[in-house]
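Residue numbers (my numbering), protein chains in the order written: chain A, 1 to 298; chain B, 1 to 298; chain C, 1 to 298; chain D, 1 to 298.
Be careful, since some hints might not be right.
Because identical chains share one entry, a pair is satisfied inside a single copy or across any pair of copies.
Here are the simulated lysine to any residue pairs, SDA-like style, with alpha carbons at most 20 Å apart [claimed, not checked]:
no. : residue 1 : residue 2
1   : Lys12     : Leu27
2   : Lys187    : Asp203
3   : Lys26     : Ile154
4   : Lys10     : Gly25
5   : Lys82     : Ile214
Keep in mind that the hints were calculated from the coordinates and are not lab data.
Residues per chain, in single letters:
There are 4 protein chains.
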Amino acid sequence: MEPNQNHTWKTKLHEVIYEADTPSGKLFDVLLLIFILLSIVLVMLESVVSIDREYHRLLYIGEWVVTVLFTIEYILRIISVKKPFKYVFSFFGIIDFLSTIPMYLAILFGGGAQALVTLRALRLLRVFRILKLARYLGASNQLKDSIIASRVKIMVFLFAVMVSSIVFGTIMYLVEGEANGFDNIPKSVYWCVVTLTTVGFGDIAPQTALGQFITTIIMILGYGIIAVPTGIVSAEYAKSSIKYNDNNATPETKAAKTMDLPEDVELHMNSQCCINCLNTKHQDGADFCHKCGHKLHQ
Amino acid sequence: MEPNQNHTWKTKLHEVIYEADTPSGKLFDVLLLIFILLSIVLVMLESVVSIDREYHRLLYIGEWVVTVLFTIEYILRIISVKKPFKYVFSFFGIIDFLSTIPMYLAILFGGGAQALVTLRALRLLRVFRILKLARYLGASNQLKDSIIASRVKIMVFLFAVMVSSIVFGTIMYLVEGEANGFDNIPKSVYWCVVTLTTVGFGDIAPQTALGQFITTIIMILGYGIIAVPTGIVSAEYAKSSIKYNDNNATPETKAAKTMDLPEDVELHMNSQCCINCLNTKHQDGADFCHKCGHKLHQ
Amino acid sequence: MEPNQNHTWKTKLHEVIYEADTPSGKLFDVLLLIFILLSIVLVMLESVVSIDREYHRLLYIGEWVVTVLFTIEYILRIISVKKPFKYVFSFFGIIDFLSTIPMYLAILFGGGAQALVTLRALRLLRVFRILKLARYLGASNQLKDSIIASRVKIMVFLFAVMVSSIVFGTIMYLVEGEANGFDNIPKSVYWCVVTLTTVGFGDIAPQTALGQFITTIIMILGYGIIAVPTGIVSAEYAKSSIKYNDNNATPETKAAKTMDLPEDVELHMNSQCCINCLNTKHQDGADFCHKCGHKLHQ
Amino acid sequence: MEPNQNHTWKTKLHEVIYEADTPSGKLFDVLLLIFILLSIVLVMLESVVSIDREYHRLLYIGEWVVTVLFTIEYILRIISVKKPFKYVFSFFGIIDFLSTIPMYLAILFGGGAQALVTLRALRLLRVFRILKLARYLGASNQLKDSIIASRVKIMVFLFAVMVSSIVFGTIMYLVEGEANGFDNIPKSVYWCVVTLTTVGFGDIAPQTALGQFITTIIMILGYGIIAVPTGIVSAEYAKSSIKYNDNNATPETKAAKTMDLPEDVELHMNSQCCINCLNTKHQDGADFCHKCGHKLHQ
Numbered sequence: 001m002e003p004n005q006n007h008t009w010k011t012k013l014h015e016v017i018y019e020a021d022t023p024s025g026k027l028f029d030v031l032l033l034i035f036i037l038l039s040i041v042l043v044m045l046e047s048v049v050s051i052d053r054e055y056h057r058l059l060y061i062g063e064w065v066v067t068v069l070f071t072i073e074y075i076l077r078i079i080s081v082k083k084p085f086k087y088v089f090s091f092f093g094i095i096d097f098l099s100t101i102p103m104y105l106a107i108l109f110g111g112g113a114q115a116l117v118t119l120r121a122l123r124l125l126r127v128f129r130i131l132k133l134a135r136y137l138g139a140s141n142q143l144k145d146s147i148i149a150s151r152v153k154i155m156v157f158l159f160a161v162m163v164s165s166i167v168f169g170t171i172m173y174l175v176e177g178e179a180n181g182f183d184n185i186p187k188s189v190y191w192c193v194v195t196l197t198t199v200g201f202g203d204i205a206p207q208t209a210l211g212q213f214i215t216t217i218i219m220i221l222g223y224g225i226i227a228v229p230t231g232i233v234s235a236e237y238a239k240s241s242i243k244y245n246d247n248n249a250t251p252e253t254k255a256a257k258t259m260d261l262p263e264d265v266e267l268h269m270n271s272q273c274c275i276n277c278l279n280t281k282h283q284d285g286a287d288f289c290h291k292c293g294h295k296l297h298q
Numbered sequence: 001m002e003p004n005q006n007h008t009w010k011t012k013l014h015e016v017i018y019e020a021d022t023p024s025g026k027l028f029d030v031l032l033l034i035f036i037l038l039s040i041v042l043v044m045l046e047s048v049v050s051i052d053r054e055y056h057r058l059l060y061i062g063e064w065v066v067t068v069l070f071t072i073e074y075i076l077r078i079i080s081v082k083k084p085f086k087y088v089f090s091f092f093g094i095i096d097f098l099s100t101i102p103m104y105l106a107i108l109f110g111g112g113a114q115a116l117v118t119l120r121a122l123r124l125l126r127v128f129r130i131l132k133l134a135r136y137l138g139a140s141n142q143l144k145d146s147i148i149a150s151r152v153k154i155m156v157f158l159f160a161v162m163v164s165s166i167v168f169g170t171i172m173y174l175v176e177g178e179a180n181g182f183d184n185i186p187k188s189v190y191w192c193v194v195t196l197t198t199v200g201f202g203d204i205a206p207q208t209a210l211g212q213f214i215t216t217i218i219m220i221l222g223y224g225i226i227a228v229p230t231g232i233v234s235a236e237y238a239k240s241s242i243k244y245n246d247n248n249a250t251p252e253t254k255a256a257k258t259m260d261l262p263e264d265v266e267l268h269m270n271s272q273c274c275i276n277c278l279n280t281k282h283q284d285g286a287d288f289c290h291k292c293g294h295k296l297h298q
Numbered sequence: 001m002e003p004n005q006n007h008t009w010k011t012k013l014h015e016v017i018y019e020a021d022t023p024s025g026k027l028f029d030v031l032l033l034i035f036i037l038l039s040i041v042l043v044m045l046e047s048v049v050s051i052d053r054e055y056h057r058l059l060y061i062g063e064w065v066v067t068v069l070f071t072i073e074y075i076l077r078i079i080s081v082k083k084p085f086k087y088v089f090s091f092f093g094i095i096d097f098l099s100t101i102p103m104y105l106a107i108l109f110g111g112g113a114q115a116l117v118t119l120r121a122l123r124l125l126r127v128f129r130i131l132k133l134a135r136y137l138g139a140s141n142q143l144k145d146s147i148i149a150s151r152v153k154i155m156v157f158l159f160a161v162m163v164s165s166i167v168f169g170t171i172m173y174l175v176e177g178e179a180n181g182f183d184n185i186p187k188s189v190y191w192c193v194v195t196l197t198t199v200g201f202g203d204i205a206p207q208t209a210l211g212q213f214i215t216t217i218i219m220i221l222g223y224g225i226i227a228v229p230t231g232i233v234s235a236e237y238a239k240s241s242i243k244y245n246d247n248n249a250t251p252e253t254k255a256a257k258t259m260d261l262p263e264d265v266e267l268h269m270n271s272q273c274c275i276n277c278l279n280t281k282h283q284d285g286a287d288f289c290h291k292c293g294h295k296l297h298q
Numbered sequence: 001m002e003p004n005q006n007h008t009w010k011t012k013l014h015e016v017i018y019e020a021d022t023p024s025g026k027l028f029d030v031l032l033l034i035f036i037l038l039s040i041v042l043v044m045l046e047s048v049v050s051i052d053r054e055y056h057r058l059l060y061i062g063e064w065v066v067t068v069l070f071t072i073e074y075i076l077r078i079i080s081v082k083k084p085f086k087y088v089f090s091f092f093g094i095i096d097f098l099s100t101i102p103m104y105l106a107i108l109f110g111g112g113a114q115a116l117v118t119l120r121a122l123r124l125l126r127v128f129r130i131l132k133l134a135r136y137l138g139a140s141n142q143l144k145d146s147i148i149a150s151r152v153k154i155m156v157f158l159f160a161v162m163v164s165s166i167v168f169g170t171i172m173y174l175v176e177g178e179a180n181g182f183d184n185i186p187k188s189v190y191w192c193v194v195t196l197t198t199v200g201f202g203d204i205a206p207q208t209a210l211g212q213f214i215t216t217i218i219m220i221l222g223y224g225i226i227a228v229p230t231g232i233v234s235a236e237y238a239k240s241s242i243k244y245n246d247n248n249a250t251p252e253t254k255a256a257k258t259m260d261l262p263e264d265v266e267l268h269m270n271s272q273c274c275i276n277c278l279n280t281k282h283q284d285g286a287d288f289c290h291k292c293g294h295k296l297h298q
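Take the sequences, apply the hints, and build the full model.
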């Protein structure tokens, strides 16, 4: 009775909540996304004093609506998987829990104004669940690959940037001194990063002629080296781009290319999620989980 | 009498206004461009208090000259096409109408100073008609292609930038607080985008040591990820560049390449516009519209 | 007596002043470069009030030394070419003249302090003669090629940036208004370019919530499009790089490549300059001018 | 007795201090790195007035601990090489000496507060020893190659940036004048570099309409040319990337590639250092120094 058991309410629920292949699964994901965005907007609006004073009651009700919905979702997520503890202690499990509790904690401990804001800010972590949606697009794969491929080089580069900042920061501290806003070496290093990255707030700026001369060198240096990470990612991306076109070209994607479709959108459309071990990223048309061997529902 | 009818004043007018193949057609386009730029300069100068006080009368006359010329052009455009309604409700038709009416509305409704400026600002929409000229150059095709090809990736990237801004903005709001200019989360997120994009106005700047440390991380992050969209467009552009050289190489463009001319300038020089359906982008040497089959005049 | 006439003082002088193949020719160029830099440093130092007050006499003497030397050089340049008028009215001839006269004009017309500075600033135009040295390096050829190749695209792109600035500048003027520093549309457009190019002075910054929201869009837009010109130049440079390696590879440069030398430094080392028509860029080992056929001295 | 002599305490010590192939050699390097970072943190914290006042005694003790450890390390480095003078006068030898002496000098000469800070800042030079670690990673090789390959072009480019800054700086000095913060030409050139590199502190900003118009041109120019060094490094990096994949592919690295490892991490893992001439960068599996022929210990 394997196929029969496949369609009990529990597996049905798992399919709706964790996957996005069925219409109801897609609807659930879109609704969830709307509520996450709504909860973030609520946190943001509450921090604006003038809005909070005017609409405090409305925002408070909104908070509770979101909290109750998140609570229901959290409970449903726990009961629809075979190994609830695995979900509870997974990355997204912890985030889901943390973004649900603030209001309950506020009731329990009273919660002064500032503490309440801090608690509600935890809700922001929920944003990362939206990032999961990027996976469905599959478009970020090539991007991720080229960043991973240039990982070591970017680290070496950032390390060089940091050493330059410390060296130039100390020089500027000695040249400009406390009188001109370079109060201490850490602040001077902070200013140096602001300058090297071409942000340039201007809250601290060199006042002496020598300081301005050194700043000129730092800026031209920063201007020159901004090219380095760009060059790295460009080249890696171009390389991976060639690889994607040559190796990953299944007959379908080849056809897609001929029709001039952005072919990488087609990659990785399978959103199945194993009910047993919560593993995703299964092959298209897979029948069993490639990690634990459990039957996947179609 | 098909060829005869082709040269009535109406088709002649259509050729002058909508196309740029004949000397008179080119002259019309250049004159129109000059008047559009003039109308923008007028709007700009009027907003400068000192200039407006001195030359108010001159600017007012200039406004009316431009308005009358735009009105004549608008009427000519309507009567020279077979399906006037198609033009009136097309993108450029609406823009042409909106950039013509401000002065008439000012007379009708009196118009206070501020409302008048807002009305005149609508004239700016006319600028987009100038963009049409880029089409004649044909140089923007490859550019457009590479942006379209990397559309999904850029969106995923911008989405990641926005999520980072929200997360870091909230953290900075909690760390710095209202005392240091981070009044509320939306303002804090705004500051975060200012920093991540390396704009760095400096109207708001971190004051606490912890805030400056987090800012350092944000800036290095921003510095690192500025490489990503550049890498994407670079690689896509290089790819499309190869495609353009390989596939689109007609004998002429091949010859052009051998002579070291910037070959893409030659692409897409046909400026014919169907009198029936207003469709452009016809093949070189086309005799009939590729959309509605109507005869094109040579 | 062709070889004999070749070594009269006039041709000898021409070789020293206009070319850089002989030791004395190289020495002349280096000495000239030093005096040009010295003259620029003098103009700069004179503008610093504290330095000018202290060392006014010294700077004044330095000015006259440079002026006299430039005068001698200018006269020698005129008498050592066969067609002096061609040199006098050439680009560098006019610059040389303009950078020599300031002090003479100051004596003739008395010259108030401000007028004198403006006159001396003309000396800066002399800097461009230093740029001539870049030609000897030959390294800028590939760079120039890739910029020329992407000329049309960069213009289309800059045009789009300008239109965006005007549109967003007008919107910001209407949203923020004079109260927040957006005094008029031209100033608002200036602010928009400051923001789009990620410079961000901060002298004008949006104060209203709506203004900050629109600014966020402008900045993300600017961040996204900074990739476009970079992508264009990258791809064009990569293309020209391949071309240089494939087509321009003479046996010597091929050997250079095998030895891992930066091969482009070797290109275009001929600094001969025709005494008759002042043409440069002759083939290596050329005996006659490729423009007027006049004999070149070896 | 060659193998026997190879394992005396002196060669053992050399292996631990100068190389990183043995577990004890790696441990030494990691410990050294921690102490260098600690010494930098100490210098930084001492410059923060509030921290220095509170924990002066603790920081002072920390300083002496670091100084004593650096002294011991310096002595061990001298006695473990065959030619001590070669080490003492090598680049790292001088840096090691300079970063050790500050505290001794402070005792000898008394040392006022400011002088002491300057002395301690010398310790920062020690940071460069950490950079040595990058060599072990081998990841910076390709990066270095592409920067060296584009050396001449980047210099020509930076030269052009400098000339533009001087020319525009002088123009802005004449246009804006001392009243608007453009006090003198050097300061005006500094401002111009700040603007061209898109840093934009905002400590000096154009106030006149003409000045803002010229600034717009400078910014768009800077925006356009930011593409040039990026394009150069991108293309050179892509070229060297191809070279690395084609030529340097030994069977091992080829295997690494197949396994999708970041292959360049594998390059240059040999950290042997000749006890006789201090030369590094030996071939993998080398038995004798490739510079002086001295036996390397395995």
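Hints, one by one, checked against the model:
1. Lys12 x Leu27: Within one copy only: 14 Å inside, 55 Å across.
2. Lys187 x Asp203: both (11 Å within a copy, 18 Å between copies)
3. Lys26 x Ile154: neither (37 Å within a copy, 23 Å between copies)
4. Lys10 x Gly25: For Lys10 and Gly25, the Cα distance is within 20 Å only inside one copy (14 Å; across copies 58 Å).
5. Lys82 x Ile214: neither (63 Å within a copy, 41 Å between copies)
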